[in-house]
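There are 4 protein chains.
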Amino acid sequence: MYIFETSIRVRYGETDRMGYVYYGNYPLYYEVGRTEMLRSAGLSYRAMEEEGILLPVHSLSIKYMEPARYDDLLTLKVILKELPTAKIQFHYEIYNEQGKLLNTGETVLVFVDAQTRRPCRAPEALIKELEKYFPG
Amino acid sequence: MYIFETSIRVRYGETDRMGYVYYGNYPLYYEVGRTEMLRSAGLSYRAMEEEGILLPVHSLSIKYMEPARYDDLLTLKVILKELPTAKIQFHYEIYNEQGKLLNTGETVLVFVDAQTRRPCRAPEALIKELEKYFPG
Amino acid sequence: MYIFETSIRVRYGETDRMGYVYYGNYPLYYEVGRTEMLRSAGLSYRAMEEEGILLPVHSLSIKYMEPARYDDLLTLKVILKELPTAKIQFHYEIYNEQGKLLNTGETVLVFVDAQTRRPCRAPEALIKELEKYFPG
Amino acid sequence: MYIFETSIRVRYGETDRMGYVYYGNYPLYYEVGRTEMLRSAGLSYRAMEEEGILLPVHSLSIKYMEPARYDDLLTLKVILKELPTAKIQFHYEIYNEQGKLLNTGETVLVFVDAQTRRPCRAPEALIKELEKYFPG
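Chains as they are written, first to last, in the numbering used here: chain A, 1 to 136; chain B, 1 to 136; chain C, 1 to 136; chain D, 1 to 136.
Pulled out of the complex, with its shape left as it was, chain A reads as follows:
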């Protein structure tokens, strides 16, 4: 299991007239989380794309418990429970500065060949890097 944490500051434009972060902005925060998790493992999502692998999202689910507000400094926890195969599943938890759990989410992404736009296996280099977090 690989657990990673990063911070996100809520922007004014991400709130809505209820005074909360709009429910449709959390997928963007989750994207930041998984990109930074890969970077922390020495992997670049951009480089992977440039080498011809796309990673579109296959499914998303979110449970909203409490709202985030403007200027909150959120902690985003990203959890990888299994090594990727043709898919990679990320779990997310967002906490506010008081340590309150605001929402939890999951995404499944699929590896796709940029040329053929067809599913493919996760790149070997990615699996190799991530295996370090999944000992024996």
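Watch out, some of these pointers could steer you wrong.
Any copy will do: because identical chains look the same in the list, a pair fits if it lies in one copy or spans two.
To be verified - Derived pair list, reagent style DSS-like, types lysine-lysine, alpha-carbon separation capped at 25 Å: (1) Lys-87 <-> Lys-100; (2) Lys-100 <-> Lys-128; (3) Lys-77 <-> Lys-63; (4) Lys-63 <-> Lys-87; (5) Lys-63 <-> Lys-81; (6) Lys-63 <-> Lys-132; (7) Lys-100 <-> Lys-63; (8) Lys-128 <-> Lys-63; (9) Lys-77 <-> Lys-132; (10) Lys-77 <-> Lys-87.
Hint data in this document are derived by calculation from the structure and do not stem from the laboratory.
We have chain A; now place chains B, C and D onto it with these hints.
Showing chains B, C and D alone in chain A's frame:
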């Protein structure tokens, strides 16, 4: 059961560098769908808010089958399978111009008193209007 | 001179916690306006891109007079004062349902060859269509 | 004169199908810049709002020279050339990692009383803090 359809034209700014609508923009499309469904039933979400009822999203799930592209004229089908109680659940299906199903989703929203920010029952007027679609 | 009008309904996710449309969302509305103006002249921005011409924005300016609010049905007026050369300039005016002018804006876009990513002249077909609106 | 710098990492969802940051996302980046500039001066825009002062944007202009791309780590320079009165003007410059200037912009914001929604003078505390950067 109440089934409603509306159209959405994909904006350039809603695509990402993969050339597809960004996965985090569909919640915005779903919001358009449920607002227009309520409007078609003679109900205004804005008026409901002004009368002191908020309707934050409690959960969201999306299954992405095929991507939408820039300038696609999407058909968004919104389905209400049950009358609201303290919650209201919407189902969504998005189709492109060729009739291909691009994604399906669900949201559960909860009725909240704007003053106390605590859960409350769906407004009587809303239930009365929607009951017309759920005969006997 | 070519003057074109289209309607835009304000989405919840486009408002911010002030209760107004976020100032950074008007460029998206302006994009809708110029795309629909071209469509009304029988021209497709998407088709132009597929034929190898990109049209990135070179400059933007907006004057904000009054805010737009959630669910407002805005009227967006797009004005083309001159035929395009290597650039095309659009002027915008947004009005609410009471006919109040909310903001005015301008964008200059440049024609770019998608292959070379270098500036080029406006496509002949585009100029020919638009010339109809600029008699004599 | 007060010059401040902060960093912004480009998110995938902020790009468009041209492969660049969508032109309408820079106002969001500028917002991050001015908020962080105020924070660095010991001032909180959120606290100001909670004390009853809103700061809507009055005008915006942007000149786009070069595009930003996915995952770029941008440097955003914010410049305050004059002390605020009933308005405050910020200048912005965005650079990529190679030090290339991508775009420049300006915003004028107006101080507004949250109760009356009418213009008012900049809060004394704000002026006092900023005066440190404008000696003699």
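Quick rundown of the hints versus the structure:
For the identical chains of this complex, Lys-87 and Lys-100 are inter-copy neighbours only, at 23 Å across copies versus 30 Å inside a copy, given an alpha-carbon limit of 25 Å. For the homomeric pair Lys-100 and Lys-128, neither the shortest alpha-carbon distance inside one copy (35 Å) nor that between copies (35 Å) is at most 25 Å. When the C-alpha separation of Lys-77 and Lys-63 is checked against a cutoff of 25 Å, the pair qualifies both within a copy, at 15 Å, and between copies, at 23 Å. In this homomeric assembly, Lys-63 and Lys-87 come within 25 Å of each other (Cα to Cα) both inside a single copy, at 22 Å, and across copies, at 14 Å.
Taking the shortest alpha-carbon separations for Lys-63 and Lys-81, both the intra-copy value of 19 Å and the inter-copy value of 21 Å come in at or below 25 Å. In this assembly of identical chains, Lys-63 and Lys-132 lie within 25 Å of each other by CA distance neither inside one copy nor across copies; the values are 30 Å within and 31 Å between. For the homomeric pair Lys-100 and Lys-63, the shortest alpha-carbon distance inside one copy (14 Å) is at most 25 Å, but the shortest distance between copies (28 Å) is not. Proximity of Lys-128 to Lys-63 under the C-alpha cut-off of 25 Å is found in neither arrangement, the shortest distances being 32 Å within a copy and 29 Å between copies.
Proximity of Lys-77 to Lys-132 under the C-alpha cut-off of 25 Å is restricted to the intra-copy arrangement: shortest distance 19 Å within a copy versus 39 Å between copies. For the homomeric pair Lys-77 and Lys-87, the shortest alpha-carbon distance inside one copy (20 Å) is at most 25 Å, but the shortest distance between copies (29 Å) is not.
In this structure, the hints that do not hold are numbers 2, 6 and 8, in rising order.
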